[in-house]
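K.L.:
Protein sequence lines correspond, in order, to chains L and E. Counting in the working numbering, the first sequence runs from 1 upward without gaps. Counting in the working numbering, the second sequence runs from 1001 upward without gaps.
Source of the hints: derived by calculation from the structure; they are not laboratory data. Where a beta carbon is used, it is the ideal one built from N, C-alpha and C, also for glycine. Do not take every clue at face value.
[Claimed, not checked] Stretch by stretch, here's where chain L covers chain E in the computed footprint (C-beta under 8 Å, at least three residues):
1. 1264-1278
2. 1296-1306
[Claimed, not checked] Once the Cα atoms are required to be at most 27 Å apart in a straight line, the calculated DSSO-like pairs of lysine-lysine come out as:
3. E/K1281 to L/K273
4. E/K1295 to L/K186
5. E/K1402 to E/K1234
[To be verified] Here are some of the chain E residues that sit facing chain L, going by a computed Cβ distance under 7 Å:
6. Y1187
7. V1283
8. V1291
9. P1293
10. S1312
Protein chains: 2
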Amino acid sequence: MKRNVLIIGAGGVAQVVAHKCAQANDRLGDLHIASRTVGKCEAIIASVHEKGAMKVPGVFAAHAVDAMDSAAVVALIRRLGVEIVINVGSSFVNMPVLEACIEAGVAYMDTAIHEDAGKICETPPWYGNYEWKRRDRCKAAGVTAILGVGFDPGVVNSWARVAEDEFLDEITSIDIVDINAGSHGKYFATNFDPEINFREFTGTVYSWQGGKWQSNSMFEVGRVWDMPVVGEQKAYLTGHDEVHSLSARYPGADVRFWMGFGDHYINVFTVLKNLGLLSEKPVRTAEGLEVVPLKVVKAVLPDPASLAPGYSGKTCIATIARGVKDGKPAEVMLYNVADHAEAFAEVGSQGISYTAGVPPVAAALLVADGTWDVGTMVNVEELNPKPFMNLLNVMGLPNRVKDAGGDRELAF
Amino acid sequence: MKRNVLIIGAGGVAQVVAHKCAQANDRLGDLHIASRTVGKCEAIIASVHEKGAMKVPGVFAAHAVDAMDSAAVVALIRRLGVEIVINVGSSFVNMPVLEACIEAGVAYMDTAIHEDAGKICETPPWYGNYEWKRRDRCKAAGVTAILGVGFDPGVVNSWARVAEDEFLDEITSIDIVDINAGSHGKYFATNFDPEINFREFTGTVYSWQGGKWQSNSMFEVGRVWDMPVVGEQKAYLTGHDEVHSLSARYPGADVRFWMGFGDHYINVFTVLKNLGLLSEKPVRTAEGLEVVPLKVVKAVLPDPASLAPGYSGKTCIATIARGVKDGKPAEVMLYNVADHAEAFAEVGSQGISYTAGVPPVAAALLVADGTWDVGTMVNVEELNPKPFMNLLNVMGLPNRVKDAGGDRELAF
């Protein structure tokens, strides 16, 4: 039994995490949220109270912290008496916050791989560069650290485990497909900070195929997927966190991640990239001003947070596993469909933040009640998926399964 | 008889003007070139000597001048004893230089309309805003001022006059078509300063149709033209100087200008424009730096001067006049085809600078020998076109005509 939660970060995903923690504060205890800018934390808490999201009266307090400073995070954890840290800050703070949790002996979870600001797309497996190097220390300290427990990575990893446990005797391929069929109504915008968003697509695309890492470039490999609700959608082989852990558990399977992009997004991205406007290296104008082009692109694009009120349409994210069942070829698709407008109505965020922010709160509840409090570092596919599925079903992210037996709810 | 020439400006067109003046310095006398940066003038003179372009031994001297300062230009003209000024500086300096020529009593010519840096695309007719307001003063002072005597405007205006004099009894339409079917081999580049280039396409597109000004937006109206040598090419209704003078001489005709653009150019332009990256208004980055997006775009694009060595392919520019001849409908196309690589070999510039830079030197020769020294302000269509055509034919820009009688040289 663990209680009292500290949320690190105050962006769009943190907003969802805060609302979902408040809706379950009878089981989670005191709630705290900390970021460098305390005003952003206060605004999130205000939105929680506006929606009347606190299930029972209780603490929800804002704090200022520089999450790059492990000692400061340790001090905050100890002062507040929290036992669970949900880290949804920038990917750059993951290791400093994990170090603080190991030091303080509290549970840690995040939703994305650690990134070093100076390096784009390091060598695979990505988790081997930072996270897994700390696995033995987590085990020795008895610290539960759940890596990448957002939607993708996160729920999609758990679905791979469901496929392994329930649907297939042998897995030969895992394809994760992430489609945002929503519309923000702008000429062009990114759903996250443009600087972070574009970083994802400028490096090498790694996939695990034929028992080894394969390298491609972004938008080099694309195919149309026929998805539930949102229909036929073109998606492209993309580098993504979960490929780097699932390939360790299923080395005999091909593991690929596909992200949907419209032709318009690709066109704008391609023009900007080819002109050099996505570069992080400064250029000098004719007037002698030094400026980083990517920062100017960010300045002219809409603020991602401004998109939520007008966002319409749905997302559909799926894990499609193929393999053998009872000696015959078999395939199963596990998926969720989320609605942008419904997410905004409930928690004031668009659907992409919603799908990323609900799962870590489900994980926190499973750590709080001991179910997932495993006392070591794990990726999500290492944990029992059934209680996680059941929680997501009632927390706003219903799971469905589609196979030869039809299209139905996934519950245990 | 006038002698001694001062070239204002030291860009790509000035380079061509310098070489062509040198090739005719037996008739033009002393040559001078002046710009704010004297080093650029010296580099042009060095390239003239490298090519051995001076027809006879003579003066070719570089000078520093701020062409926005009329008094400084007057002083320079008087000190050097020049009688002809070829202004191929930035469009922003046209009126200050014209004022200097009126004051000093010397001949003036330019290749583009005057522009006020703070205004984009003023009300038509454009010449009425600045140039024609000084017509009476030119006449009173006996100053020859030939407006817009590049290729377009310039040669294309003269072709309209040829159509009037030689081929049609009545003109019902004049379409000027400007196709650059060349390739610079870069992902994207502009042939002139990107800042000036993009300014041309962000304002209203004016054409003269049905006896009045019609307004369109850029890339709104396009059609395919079947052009000599370069074949079928798509061109778009574009605002351009010559429409504003030809419509005064031929008010009963429709007068339109069409510029060729590939889909790739339009796509890049559209993306940049819609994102706000062509804006001249500063934006502020997340780090607080104030920067004009258009200046950053200029900084990442190739320097136009760097394109010349690798430029291949041809340009084709035409005036297509329709009307009545001997009581029957008739059409005549007058055109030139120029080759980028040949231009580079001769004068070290690409074909677009070449077509713009040769005609003002032909005009200077006609002012020098008195043929075009008319002692007042004129647009090119007001001058006898025959000696101009004959000169261009031997100066590297052969004129051709295509009508019901075939496709042949145009010479008198």
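K.L.:
Work down the list of hints and note, for each, if the structure agrees.
P.N.:
Structure-based check of each hint:
Beta-carbon proximity to chain L at under 8 Å applies to 8 residues in the stretch 1264-1278 of chain E; the threshold of 3 is reached and the given coverage holds. Counting residues of the stretch 1296-1306 of chain E whose C-beta sits closer than 8 Å to any C-beta of chain L gives 6, which meets the bar of three, so the coverage hint holds. At most 27 Å may separate the alpha-carbon atoms for a hinted pair to count; E/K1281 and L/K273 meet this at roughly 23 Å. Among the hinted pairs, E/K1295 with L/K186 is consistent with the structure: their alpha-carbon atoms are about 24 Å apart, no more than 27 Å.
Distance restraint check for E/K1402 and E/K1234: the Cα-Cα separation of roughly 20 Å lies within the 27 Å cut-off, and the hinted pair is therefore satisfied. Annotation: interface hint on E/Y1187 holds; nearest CB of chain L at approximately 5 Å, less than 7 Å. A hinted interface residue such as E/V1283 counts as satisfied when its beta carbon comes closer than 7 Å to some beta carbon of chain L; here the least separation is about 4 Å, so the hint holds. This hint holds: E/V1291 has a C-beta 5 Å from the nearest C-beta of chain L, less than the 7 Å allowed.
The criterion of a C-beta within 7 Å of any C-beta in chain L is met by E/P1293, whose closest approach is roughly 6 Å, and the hint holds. Against a cut-off of 7 Å between C-beta atoms, the interface hint on E/S1312 is violated, since the closest Cβ of chain L lies about 21 Å away.
Going down the numbered hints, you'll see the structure goes against just number 10.
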